[in-house]
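Protein sequence lines, in the order shown, are assigned to chains W and Y. For what it's worth, my numbering labels the leading residue of the first sequence as 418, then goes sequentially. For what it's worth, my numbering labels the leading residue of the second sequence as 2, then goes sequentially.
Don't take each hint at face value.
Distance condition first, Cα-Cα at most 27 Å in a straight line; then the derived DSS-like pairs of lysine-lysine [as the list claims (entries may be wrong)]: (1) Y:K95 to Y:K71; (2) W:K474 to W:K434; (3) Y:K58 to W:K517; (4) W:K517 to Y:K54; (5) Y:K71 to Y:K58; (6) Y:K71 to Y:K12; (7) W:K474 to Y:K95; (8) W:K517 to W:K474; (9) W:K474 to W:K488; (10) Y:K12 to Y:K95; (11) W:K488 to Y:K71; (12) W:K488 to W:K517; (13) Y:K58 to Y:K12; (14) Y:K95 to Y:K54; (15) Y:K54 to Y:K71; (16) W:K488 to Y:K95; (17) Y:K95 to W:K517; (18) Y:K58 to Y:K95.
In case anyone wonders, no lab produced these hints; they're calculated from the structure.
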Amino acid sequence: KNQVEQSPQSLIILEGKNCTLQCNYTVSPFSNLRWYKQDTGRGPVSLTIMTFSENTKSNGRYTATLDADTKQSSLHITASQLSDSASYICVVSALSNDYKLSFGAGTTVTVRA
Amino acid sequence: DAGITQSPRHKVTETGTPVTLRCHQTENHRYMYWYRQDPGHGLRLIHYSYGVKDTDKGEVSDGYSVSRSKTEDFLLTLESATSSQTSVYFCAIKGQGPDTGELFFGEGSRLTVL
Numbered sequence: 418k419n420q421v422e423q424s425p426q427s428l429i430i431l432e433g434k435n436c437t438l439q440c441n442y443t444v445s446p447f448s449n450l451r452w453y454k455q456d457t458g459r460g461p462v463s464l465t466i467m468t469f470s471e472n473t474k475s476n477g478r479y480t481a482t483l484d485a486d487t488k489q490s491s492l493h494i495t496a497s498q499l500s501d502s503a504s505y506i507c508v509v510s511a512l513s514n515d516y517k518l519s520f521g522a523g524t525t526v527t528v529r530a
Numbered sequence: 002d003a004g005i006t007q008s009p010r011h012k013v014t015e016t017g018t019p020v021t022l023r024c025h026q027t028e029n030h031r032y033m034y035w036y037r038q039d040p041g042h043g044l045r046l047i048h049y050s051y052g053v054k055d056t057d058k059g060e061v062s063d064g065y066s067v068s069r070s071k072t073e074d075f076l077l078t079l080e081s082a083t084s085s086q087t088s089v090y091f092c093a094i095k096g097q098g099p100d101t102g103e104l105f106f107g108e109g110s111r112l113t114v115l
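Whenever a hint applies, use it, and build me the whole structure from the sequences.
Next up, the structure:
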């Protein structure tokens, strides 16, 4: 069964600090991996999308990495801001059925002043 | 803004009553999806559609039905709501062109079944 595990489940950081979220997956054959940001009471919004050949991708202060060999991804948030408080969801797509995405349960990040 | 509107955004209903959630898109996308989101779980696929009158089941389809009579509308129906269907429901569309494969989500519909 294709699975996506995220850690930690939640974390609290001070404004201006950095943090890293982890995503491990067992989805095979791998197609791509996406990170989404979900603000409270809103729908998820895409941050990055990475294919097999990409190992780093940035979107502003967000940097995602992918190690397809170990089936791990991370999302690094640099110089956190209060607006970064949200849930971050890792989503992995299998090569054969792109519409059947495997979602992680998310990491809830709280940034405090 | 992917032009997705969900309605209603909030609903409280009683066990055994039928409920219909509506997803409306303005982008003429072919693929549309209904997910539910519960604490501790990732988003789980209920049903999806790949065209008008073309739908298929997802991983948690029991107790739900869908219809798509027009490209722009995808309806999710709970035929007889149960407390286990209390959840937040998200509609999504699959992007086309440069965003191929990307999912764009609506704002969610929070359903409480008493």
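These are the hints, each one checked on the structure:
1. Y:K95 to Y:K71: Holds, at about 16 Å.
2. W:K474 to W:K434: holds (20 Å)
3. Y:K58 to W:K517: Measuring from Cα to Cα gives roughly 11 Å; hence the hint holds.
4. W:K517 to Y:K54: holds (20 Å)
5. Y:K71 to Y:K58: The hint holds at about 19 Å.
6. Y:K71 to Y:K12: The hint holds at about 24 Å.
7. W:K474 to Y:K95: Holds, at about 21 Å.
8. W:K517 to W:K474: Between K517 of chain W and K474 of chain W the Cα gap is close to 23 Å, so the pair holds against 27 Å.
9. W:K474 to W:K488: holds (16 Å)
10. Y:K12 to Y:K95: Holds - the C-alpha atoms of K95 of chain Y and K12 of chain Y are around 26 Å apart, at most 27 Å.
11. W:K488 to Y:K71: violated (40 Å)
12. W:K488 to W:K517: holds (18 Å)
13. Y:K58 to Y:K12: holds (24 Å)
14. Y:K95 to Y:K54: holds (17 Å)
15. Y:K54 to Y:K71: holds (8 Å)
16. W:K488 to Y:K95: holds (24 Å)
17. Y:K95 to W:K517: Holds, because 12 Å separates the two Cα atoms, which is no more than 27 Å.
18. Y:K58 to Y:K95: holds (16 Å)
Consistency note: the structure conflicts with earlier hint 11 alone.
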